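Protein chains in written order, with the working numbering: chain A, 1 to 449; chain B, 1001 to 1163.
Rather than coming from a laboratory, the hints here were simulated on the basis of the structure.
Computed from a prediction, not measured in an experiment: that's the story for all the values here.
There's no promise every hint is true.
[Stated by the list, open to error] Partial pick of chain A residues on the chain B-facing surface, computed with a CB cut under 7 Å: (1) Leu32; (2) His162; (3) Ala167; (4) Ala169; (5) Tyr170; (6) Lys186; (7) Ser245; (8) Gly246; (9) Pro251; (10) Met321; (11) Asp324; (12) Val333; (13) His340; (14) Gly344; (15) Pro348.
[Stated by the list, open to error] Using 20 Å as the maximum straight-line C-alpha spacing, the simulated DMTMM-like pairs for lysine to aspartate or glutamate come out as follows: (16) Lys185/A / Glu1149/B; (17) Lys405/A / Glu374/A; (18) Lys1018/B / Glu180/A; (19) Lys1018/B / Glu183/A; (20) Lys186/A / Glu1062/B; (21) Lys280/A / Asp324/A; (22) Lys280/A / Glu323/A; (23) Lys75/A / Glu183/A; (24) Lys192/A / Asp393/A; (25) Lys277/A / Glu234/A; (26) Lys186/A / Glu1047/B; (27) Lys18/A / Glu132/A; (28) Lys277/A / Glu296/A; (29) Lys415/A / Asp361/A; (30) Lys185/A / Glu1047/B; (31) Lys405/A / Asp393/A; (32) Lys405/A / Asp361/A; (33) Lys277/A / Asp420/A; (34) Lys49/A / Glu234/A; (35) Lys49/A / Glu37/A; (36) Lys277/A / Asp298/A; (37) Lys186/A / Glu1149/B; (38) Lys277/A / Asp295/A; (39) Lys185/A / Asp1059/B; (40) Lys1018/B / Asp160/A.
Virtual Cβ for every residue (Gly too), placed ideally from N, Cα, C.
Spelled out, the chains give:
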Amino acid sequence: MERLRLISRDFGNSRARKLDYYRAHGGYQAALKALDEMAPRRITEEVIKSNLRGLGGAGFPVGRKWSFVPSNTGKPIYLVVNADEGEPGTFKDRYIMEWDPHRLLEGMIICARAVGIHTAYIYIRGEYVHPERILREAIEEAYREGILGSRVLGRDFSLDVHMHVGAGAYICGEETGLLESLEGKKGWPRLKPPFPAVVGAFGCPTVINNVESLTYLPHIVANGGEWFANLGSERNGGLRLFSLSGDVKRPGVYELPMGTPLRELIYGCGGGMADGKQLKAVIPGGSSAAVLTADEIDVPLDFDHLARIGSMLGSAGIVVMAEDVCMVEAMRVISHFYAHESCGQCTPCREGTGWVARTVDAIHSGRARRRSVEDLMQIADNMSGTSICALCDGAAMPLRSFLVKFRGEFDYHLKHGRCDLKRPVPAVARSGVFQAPTGSGGIPGAGQE
Amino acid sequence: MSFEFSRERRERLESLLKVYPTRRAALLPALHLVQEQLGHVSPEGEEHVARILGLPVIDVHEVLTFYTLYRTRPMGRRHIRLCTSISCWVRGCRSVQRYLEEKLEVASGGTTTDGEFSWEAVQQCMGACELAPMMQVGNDYHGPVSRSEVDRILDGETSREEG
Ligand SMILES: Cc1cc2nc3c(=O)[nH]c(=O)nc-3n(C[C@H](O)[C@H](O)[C@H](O)COP(=O)(O)O)c2cc1C
Ligand code: SF4
Ligand code: FES
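Isolated chain A, as found in the complex (with noise of 0.2 Å):
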């Protein structure tokens, strides 16, 4: 059977970027809908309804914080869209800024008339110099053709979309982070509440949401609410993007309904282990996430059951490991990253992920003290929730489950100041094929041939 894909149906098809081919598939129809058929407060209901949760890593429900912008305050409300993609092993907003720009457009529209919103900024990492450009070029031809604008879609309502390109800090995916870098100044996240949707650009009541987010509206306001929920698992409205990357065959971007078994996606999609190896771990939300072990990959893929197990499903960033990986050195790639990227406001948090990332290194070279694991673990309990925004959670969350999943090899590190795992280079068989004339992307879920 053909799995169902709702925005990933054109990924790897150049034709779908250009206008004339998004229009003549039905594109900017649920635009029409939402502007022409429903008042904006019942694009918020459906969108309530479709339990259509925030894909930037929170999975807060998409309706309800649109529900929370306050109407009334004279000012004016601002749609800022989180393009920054910064979790390590998450890479699907590129592939729909590449591939299907116009259908993000679409759900901005779509976002914007539900809230009352006239204009919107899309911030966008710097790294990605491709993927804006060809935003950039919808942008204009969607302005060119009268669908964005002061007159969008012909219709009484206006629009204006502002590109703003990042400057390389993970911090700024951060909502508050992010708000700051919109406004000049350093990426610092900010203490919470007020809430952006009541404070946030320039002091105004603003909606962020992430690219995939709003990229699934005008299926739910082509198709309701209900038919939306129904597709995924309970509570976890529809399908979403998974970036599927590590030692997996066929890595790539697949769409799956909410709920789909991880082993479903790493042996279906993925096409199984690369090189012939065993499973030994997987990270399902990003590095942010606590790692899984081999055992655990039955669990359905959606926010609620991946909390259940301790873990969070996160951006849906997928890192495979195989039987070869050392997990003392992943925990040191991670807990280096962390340390780089703390903004340095808060102590927990700035002192922190220091403090781990130089006890990993003493534990991986033999160098630590004898007790260093409990340290580290009674490092992560001070650095959980102490500090202004969820990086240092982020940071702490993975480190407590690779200390007590893997326990073993940080001992024997320790110990030996090696492992008794022999990682051979990777095989690089395809070398290359993964080239887009764009200088990026491969074809998700179409093998990359």
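Following the hints, position chain B with the ligands against chain A.
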């Protein structure tokens, strides 16, 4: 060396100023424009931007140094960023990293003696893990990269400008 925007870039900055409710919000794009023109952001570039946006130079400097994509000194004609984050590490970026050191005869963060290449090992995932191990050369993503791929990419098009 004094710095001033080319006319075209000055115009682009002027139109950018119209899309935000504050002048300061144009700071990141303005610094990108300096880097586009000069290859890096010089102290004179900072001052120029500070003057146009009406900001203290120290504010501009603080922002400039917070972000990793701004370069404060000249780089090679082509800049290489090798991803060393988790998926690229799982798929063998360390071997590519060693090869770049060997081939370019300079450590991460450095520039080759002929000024052709500069390179760095980057800790942030670049959002292209399906290409792991991957690297960015100029604006383009490449992957999976092996030693021979590195040769092909770097030797094949040495005269091309970063663009
Ligand atoms: C450290 C950190 C980094 C984040 N990075 C991203 C990101 O790159 N992209 C994203 O969409 N959300 C990211 N988020 C989540 C955002 O804060 C926010 O929840 C999201 O933009 C809301 O949109 P959504 O509800 O549509 O998911 C990050 C959060 C944290 C704490
Ligand atoms: S938790 Fe860390 S990254 Fe977040 S605001 Fe505090 S110091 Fe910055
Ligand atoms: S880990 Fe290298 S691109 Fe994601």
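Hint check:
| no. | hint | result |
| --- | --- | --- |
| 1 | Leu32 | 26 Å, violated |
| 2 | His162 | 4 Å, holds |
| 3 | Ala167 | 4 Å, holds |
| 4 | Ala169 | 5 Å, holds |
| 5 | Tyr170 | 6 Å, holds |
| 6 | Lys186 | 4 Å, holds |
| 7 | Ser245 | 4 Å, holds |
| 8 | Gly246 | 5 Å, holds |
| 9 | Pro251 | 4 Å, holds |
| 10 | Met321 | 6 Å, holds |
| 11 | Asp324 | 10 Å, violated |
| 12 | Val333 | 5 Å, holds |
| 13 | His340 | 5 Å, holds |
| 14 | Gly344 | 10 Å, violated |
| 15 | Pro348 | 21 Å, violated |
| 16 | Lys185/A / Glu1149/B | 39 Å, violated |
| 17 | Lys405/A / Glu374/A | 14 Å, holds |
| 18 | Lys1018/B / Glu180/A | 19 Å, holds |
| 19 | Lys1018/B / Glu183/A | 14 Å, holds |
| 20 | Lys186/A / Glu1062/B | 7 Å, holds |
| 21 | Lys280/A / Asp324/A | 8 Å, holds |
| 22 | Lys280/A / Glu323/A | 5 Å, holds |
| 23 | Lys75/A / Glu183/A | 17 Å, holds |
| 24 | Lys192/A / Asp393/A | 16 Å, holds |
| 25 | Lys277/A / Glu234/A | 34 Å, violated |
| 26 | Lys186/A / Glu1047/B | 18 Å, holds |
| 27 | Lys18/A / Glu132/A | 15 Å, holds |
| 28 | Lys277/A / Glu296/A | 18 Å, holds |
| 29 | Lys415/A / Asp361/A | 13 Å, holds |
| 30 | Lys185/A / Glu1047/B | 16 Å, holds |
| 31 | Lys405/A / Asp393/A | 18 Å, holds |
| 32 | Lys405/A / Asp361/A | 19 Å, holds |
| 33 | Lys277/A / Asp420/A | 16 Å, holds |
| 34 | Lys49/A / Glu234/A | 12 Å, holds |
| 35 | Lys49/A / Glu37/A | 18 Å, holds |
| 36 | Lys277/A / Asp298/A | 19 Å, holds |
| 37 | Lys186/A / Glu1149/B | 37 Å, violated |
| 38 | Lys277/A / Asp295/A | 15 Å, holds |
| 39 | Lys185/A / Asp1059/B | 8 Å, holds |
| 40 | Lys1018/B / Asp160/A | 12 Å, holds |
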